[in-house]
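Please construct the entire structure, taking both the sequences and the accompanying hints into account.
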Amino acid sequence: MSIDKTILSFLKKYSYDVKVIDRLITSAFIKKNFLAKIENVLISELLIKETDGTEHKALEDFCNLFEETKQTFDFECLIELFEFVISPNDKVVNGAVYTPKYIREYIVSNAVGMSTQIQDRTACDVACGCGGFLYEYTLLLHQLTNKPITDIIENNLYGIDITEYSINRTKILLTLLAISNGEDKAEIRYNFFKGDSLQFDWFSNSSKIKDNLGFDYIFSNPPYVGSSNLDNETKKLMANWTVSSTGKLDLYIPFFELGLKWLREDGVLGYITVSNFYRSLNGRALRKYFSDNTFLFKLIDFGGSQVFNSRLTYTCICLIEKTKGNIRYTSSAPSKINKLNESDFIPLEYEKLNDFDGWHLDDVKTQLNISRMENIGEKLGDLFNIRNGFATLRNKIYLFTPDKEDDRYYYFERNGNLFKIEKDVCKDAIKPNILKTESDINKFREKLIFPYRYSNQDNATLFEQKTNKFIEVIQENLFKEQYPFTYLYLKEEKNELAKRDRGNREYETWFAFGRSQALFIPGKKLLFPYISDKPYFVFTDEEDLLFYNGYALVSESESDLLFIQKILKSRLFWYYIKHTSKPYANNYFALAKNYVKNFSIPNFTLAEKRKVISYKNLKSLESFLLKKYNITDIELEDY
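Position 474, counted from 1, in the sequence shown is what the UniProt record's numbering calls 474; the numbers after and before it change by one each time, with no gaps.
Fair warning: there could be bad hints in the mix.
[Said to hold, decoys possible] Here are the computed lysine-lysine pairs in the DSS-like style, where the Cα-Cα straight-line distance is at most 27 Å:
# : residue 1 : residue 2
1 : K365      : K404
2 : K210      : K147
3 : K431      : K499
4 : K379      : K339
5 : K339      : K288
6 : K569      : K534
7 : K420      : K436
[Stated by the list, open to error] Taking CB as the label site, the calculated pair distances span:
#  : residue 1 : residue 2 : range
8  : Y16       : E496      : 29 to 35 Å
9  : K578      : E496      : 38 to 44 Å
10 : K352      : S439      : 28 to 34 Å
None of these hints come from the bench; they were simulated from the model.
Built from N, CA and C at the ideal position, the CB exists for glycine as well.
As structure tokens, then:
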């Protein structure tokens, strides 16, 4: 659902105090749903009274907004409001996000099935937020068994969250559900805990769960927190989980292992979570964990389609039964999940998946095509040096486009000031991310202030692999003497340069680049972007041309690059990328080295290579390539 922005704006301006916000939302829900004479202690203590002055005035204004906007204040609105008023900082640090109702309903109903033998089955949310999943389970259990909601809360529901206010809001939500069902019990016993799931022991906190050997169901939207936003204590706790041992840390990954740890045999785990674990480096240990345990795993991949309005995240639904089995995989638009049939899922055997490099979760036909594309010949990463571009960490300072020039200097204006830069300290640079054809190179060429020199001295500080040249940053006194105007310009930006790496890293010289990579890459190049909606590969024979925000295939052979360019610009290669790479919104895909290096090239004779280079018609070229790759049944989509 979508709440009117006027209502959200009111809450945003009203208060940052959690209890004040909870009092307003709870009181408004009671008022708008005509619930009176509340006996429950938790709810009654939150209610705003007529004698509460400014609070009561705010309540009246808030309720009037629902009338003016014709917004229905139902339970879904309540859940979304609670999630909205989580502080922005907590959303980053704890990964909190509102899960739409149709997603929660699908996960809970498919985990439970239509069995009526669920009266005593327990459900836990290991990152419960404001209780949306537990709310859905309560509705379903009550519908199937007619068990009182208060009994369900006390005997079937368990939850944990790292923030106290989220636990309180879960209690409020479920208690209001009971009250709305005519169950206004003064005191309700809750099984909800404030704590960190990474170290919480459910057996020592619940004898019932210990006797039951775990939960029957675990539902959750695990927190999305990347490595850069994790505190040191969380990183230490993540080290206790085997699935967090590869790649950059991401908080959602150990939630699979901890969820399955507390799930009883034959229990079901249902998550809506980030989808890149089955392809990414940091999902390698998790993939091995799944394969070693051979859990019965149903996976619905949403690709580039978005589920969450509040953030750009690529997600999937995971339904994992703690019993032996294999994977059943499908892809779907989020809005069409309820139309999926069992026939839409493709069975995949763990032993045939590649835990190390990533799972290719497509149908058998596609797997065969991908396998041939990766194994027909030598891999692209072995045939060519695939290089990343330079990284100054402050491109806006080092890069410029001259407004004019003379024999010795380039001139450019910035922030109302005119600067001149010595030509001898500059190199040409290009950004592959914006290139589409060879003519774009001159169109978008920039100048790069390059405070380095090539040297054969033994005391040189940097060395570029596969070259015979050392690179060292120019000593400051020499730099100041030889390039006084450039030195003066950079000196004015010294404070800004010091902010790189958040000021936590000392550079060999204050004006050195943020990273020492890709400062000397001799050879002709095929330039291509980080992500793209089409296969743009642009050739240049300028061996000294430096690049950033993109990649390059590097070779001494112009004919080899022109040959491979034709293959990489084909729909055949793009088919491979669309089925193996990371998807982004608007049909964009990643072209990082890890996603292109395994594409292989069949053995071509010299005559065949010349034939490929000479092709003018794309479809004729692709027909020839399909025969070389021994692929007979494939549909190549237009870009």
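Hints, one by one, checked against the model:
Annotation: proposed proximity of K365 to K404 is violated, straight-line Cα distance about 57 Å (limit 27 Å). A C-alpha spacing of about 23 Å is found between K210 and K147, which places the hinted pair at or below 27 Å, so the restraint holds. Proposed proximity of K431 and K499 is supported: the alpha carbons are some 23 Å apart, at most 27 Å. Distance restraint check for K379 and K339: the Cα-Cα separation of roughly 40 Å exceeds the 27 Å cut-off, and the hinted pair is therefore not satisfied.
At roughly 31 Å between alpha-carbon atoms, K339 and K288 are farther apart than 27 Å, so this suggested pair is violated. Among the hinted pairs, K569 with K534 is consistent with the structure: their alpha-carbon atoms are about 8 Å apart, no more than 27 Å. Distance check on the hinted pair: K420 and K436 sit about 31 Å apart at the alpha-carbon level, beyond 27 Å; violated. Between Y16 and E496 the beta carbons are some 32 Å apart, a value that agrees with the proposed interval 29 to 35 Å.
A hinted range of 38 to 44 Å for the beta carbons of K578 and E496 is consistent with their spacing of about 40 Å. Checked against the hint of 28 to 34 Å, the pair K352 and S439 fails, with Cβ atoms roughly 46 Å apart.
Violated hints, listed in ascending order, are 1, 4, 5, 7, 10; each of the other numbered hints is respected by the structure.
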